[in-house]
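Residues per chain, in single letters:
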Amino acid sequence: MATSFIPKRSIGLEGKEPPPPPEPKSAAGFIKKPKLGSGRARKREIPEGLWTKCPKCSTMIYDKELDDNLKVCPRCSHHFPIGARERIHALVETCSFEEMDPQLISVDILGFTGVAAYADKLESYQRSTGLKDAVVTGIGRIGPYRVGLGVMDFSFLGGSMGSVVGEKLTHLIESATDKGLGLVIVSTSGGARMYEGMFSLMQMAKTAAALAYHAQSRLPYISVLTHPTTAGVMASFATLGDLIIAEPGAMIGFAGPRVIKDTTQAELPPGFQTAEFLQERGLIDSIVSRKEMKERLIQYLGFLLHSQRHGIAAS
Amino acid sequence: MKHYLDFEKPIQELQRKLDEMRRHPQMHSLEISLDDEVLQIEKKIAETRRDVFSNLTAWQRVQMARHPKRPYTLDYLGTTFSDFEELHGDRAYSDDRAVVGGFARLQGEPILVVGTQKGRDTKENILRNFGSAHPEGYRKALRLMRLAEKFQLPIVTLIDTAGAYPGIGAEERHIAEAIAVNLREMMLLSVPIVAVVLGEGGSGGALGLGVADRVLILENAYYSVISPEGCAAILWKDRSAAPKAAEALKITAKDLLELKLVDEIVPEPLGGAHNDLPTMAETLRVYLLRHLHEVEAVPPDARLRQRYQKFRSFGHFDEAVPSPPENG
Ligand SMILES: [Zn+2]
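From first to last, the protein sequence lines stand for chains A and B. Per our numbering, residue 1 is the first one in the first sequence, and the count goes up by one each step. Per our numbering, residue 1 is the first one in the second sequence, and the count goes up by one each step.
It is possible that some hints are incorrect.
[What the hints assert, rightly or not] Straight-line Cα separation of at most 25 Å, DMTMM-like style, residue types lysine to aspartate or glutamate; simulated pairs:
id : chain 1 : residue 1 : chain 2 : residue 2
1  : B       : K43       : B       : E86
2  : B       : K237      : A       : D178
3  : B       : K244      : A       : D63
4  : B       : K254      : A       : D178
5  : B       : K310      : A       : D120
6  : B       : K237      : A       : D120
7  : A       : K121      : B       : D276
8  : A       : K121      : B       : E247
9  : B       : K260      : A       : D108
10 : B       : K9        : B       : D276
11 : A       : K64       : A       : E280
12 : B       : K244      : A       : D120
13 : B       : K17       : B       : E247
14 : A       : K261      : A       : D242
15 : B       : K237      : A       : D108
16 : B       : K237      : A       : E123
17 : B       : K310      : A       : D262
18 : B       : K260      : A       : E174
19 : B       : K69       : B       : E42
Hints listed in this document are in silico derivations from the structure and should not be mistaken for laboratory results.
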């Protein structure tokens, strides 16, 4: 490695963005998800069908069944990517979620002139995902607990964190602090949003700052890491939870595996940067499958909020 | 041997001519006197220099920031500061030599300094891991900063790193968490904090020491969310597009000041910090003292509020006109 490593590497804070997904063709929703990593979520192979092939066990799953099962393979429990709104729907009590800042949109503050214009990218992702940006935030009830809930969506520019993601999360955290509420943030991100340059890097400090005061108020924060969570998001709010929970099999890390391989010229250990690997090395409190997530969050919140009543909504 | 960057070639050419003339005066003494010609070339060198260095591109600044002769943290600890007493270790795993820290005096005033440290040669670079810290480096920095908090010493952080180290051990010991904790905890330290980007401000690895009341940057330093090469590889699919990426990312001191992402630019001597370390060190001392005194004059509560507001305000966004939700 020696002298060659500096020019060779890039510190993986960049958002590894997926190609713009195709326009949605069916209500099933799954096929508009981009490919993740090494082709985890492959497009179904049967044309015009309503079936999805599990990348892990190769079972053909009826899309409706996959949806009903929170995008978890009924046979091998492989966790497919899931959109922010679907996830929120699965976590909060019906009609309890009040979204915050739904109209915030990113602006091309640097006039980023690369191979593609940032403004065009934003527009095409807004169209294809139906989202305004890569996170949905709001206050909702999980079981009996009113909490601030932020859920990221990888399908919007690789879940990259720009000013909007940082602002929405910061506002969410501040509101939770003001209202005396616990926080749950579900992350999935390729990292910072390069198109916003240093403004995107500063969202790391901004969200961490808000969490500093939330923590000082002795309010609980549960960070849920899902596939994949990396780079700038990992090096800020995602690793600052009182509890850090992960979905099984999720790829979690700071630098990208290719960057690490190029830099160190070493073989990566088996299971490197998975939720299980990181639990063994002491980062993750528990690995929780998506189908049990809500129940477990309620359990945890029960302990974390036992001494205070204001986190519990009047029923 | 002086080290020249590509864009310094015109200066190098003139310098070579001048050196040769001085070595072999007889070859050049024609009509005009040698002294006159030497004077003329010296004048030309000065002009060319001013020309070259007043119009550096973003990419040329990156090269300046990475200049092998550029002064590093320890160079300033031996000049700008006095009485540096290095303290080692994170009290958990090891002493990461890519980060140095300890007590020092700034014009007699006691300070705690932490900074990333590059190596000057191959041997030292191996020791210092090219200035790229492992988790232990960030944890050592935080341990020392907490010491400063306990004993009410102002903190100066000196940043010069291509980034946090992307290695197996770094991941195994949770470098992301180490950086994140620094971001959170630095926000709550009540003592004044001034951060200076000396050379490379490489992404999260730089920000991990960069939460401060004032963020200063040297004239030829850069501070970026990603290395220009990394950005080029992703967005241009070609690392050699790094100069374009450097331009697009707006990473120079001047750009960052215009965007209000840094508080002030610390001017460098003509030709860069390495060209005249004593002057650079003195300038840095003057700037640091002024900022520290300004921050010290603010009561701790207000200081913390202002620090929060400073980082809270970073970001640009807009509000979309409300429209019925799309189907999708
Ligand atoms: Zn399966």
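Cross-check of the supplied hints:
1. Taking the CA atoms of K43 of chain B and E86 of chain B, the gap is about 44 Å. The hint is violated against a cut of 25 Å.
2. Of the pairs offered as hints, the one joining K237 of chain B and D178 of chain A is violated, with about 45 Å between alpha carbons and a cut-off of 25 Å exceeded.
3. Pair hint K244 of chain B plus D63 of chain A does not hold up; C-alpha atoms about 44 Å apart against a cutoff of 25 Å.
4. Annotation: proposed proximity of K254 of chain B to D178 of chain A is violated, straight-line Cα distance about 38 Å (limit 25 Å).
5. Simply put, K310 of chain B and D120 of chain A have alpha-carbon atoms about 30 Å apart, too far for the 25 Å limit, and the pair is violated.
6. Simply put, K237 of chain B and D120 of chain A have alpha-carbon atoms about 19 Å apart, close enough for the 25 Å limit, and the pair holds.
7. This hinted pair does not check out: K121 of chain A and D276 of chain B have alpha carbons roughly 46 Å apart, beyond 25 Å.
8. Using a Cα cut-off of 25 Å, the hinted pair K121 of chain A and E247 of chain B holds, with the two alpha carbons roughly 20 Å apart.
9. As the CA atoms of K260 of chain B and D108 of chain A are separated by approximately 16 Å, the hinted pair is consistent with the 25 Å bound.
10. Between K9 of chain B and D276 of chain B the CA atoms are separated by roughly 19 Å; this keeps the pair inside 25 Å, and the hint holds.
11. Using a Cα cut-off of 25 Å, the hinted pair K64 of chain A and E280 of chain A is violated, with the two alpha carbons roughly 35 Å apart.
12. Distance check on the hinted pair: K244 of chain B and D120 of chain A sit about 19 Å apart at the alpha-carbon level, within 25 Å; holds.
13. At roughly 34 Å between alpha-carbon atoms, K17 of chain B and E247 of chain B are farther apart than 25 Å, so this suggested pair is violated.
14. Restraint check: the Cα-Cα separation between K261 of chain A and D242 of chain A comes to about 31 Å, which exceeds 25 Å; the hinted pair is violated.
15. The suggested pairing of K237 of chain B with D108 of chain A holds, with an alpha-carbon distance near 21 Å, which does not exceed 25 Å.
16. Annotation: proposed proximity of K237 of chain B to E123 of chain A holds, straight-line Cα distance about 22 Å (limit 25 Å).
17. Our distance criterion of 25 Å between C-alpha atoms is broken by K310 of chain B and D262 of chain A, whose separation comes to about 37 Å.
18. Pair hint K260 of chain B plus E174 of chain A holds up; C-alpha atoms about 23 Å apart against a cutoff of 25 Å.
19. In summary, the hint linking K69 of chain B to E42 of chain B is supported, as the alpha carbons are separated by about 23 Å, within the 25 Å threshold.
Violated hints, listed in ascending order, are 1, 2, 3, 4, 5, 7, 11, 13, 14 and 17; each of the other numbered hints is respected by the structure.
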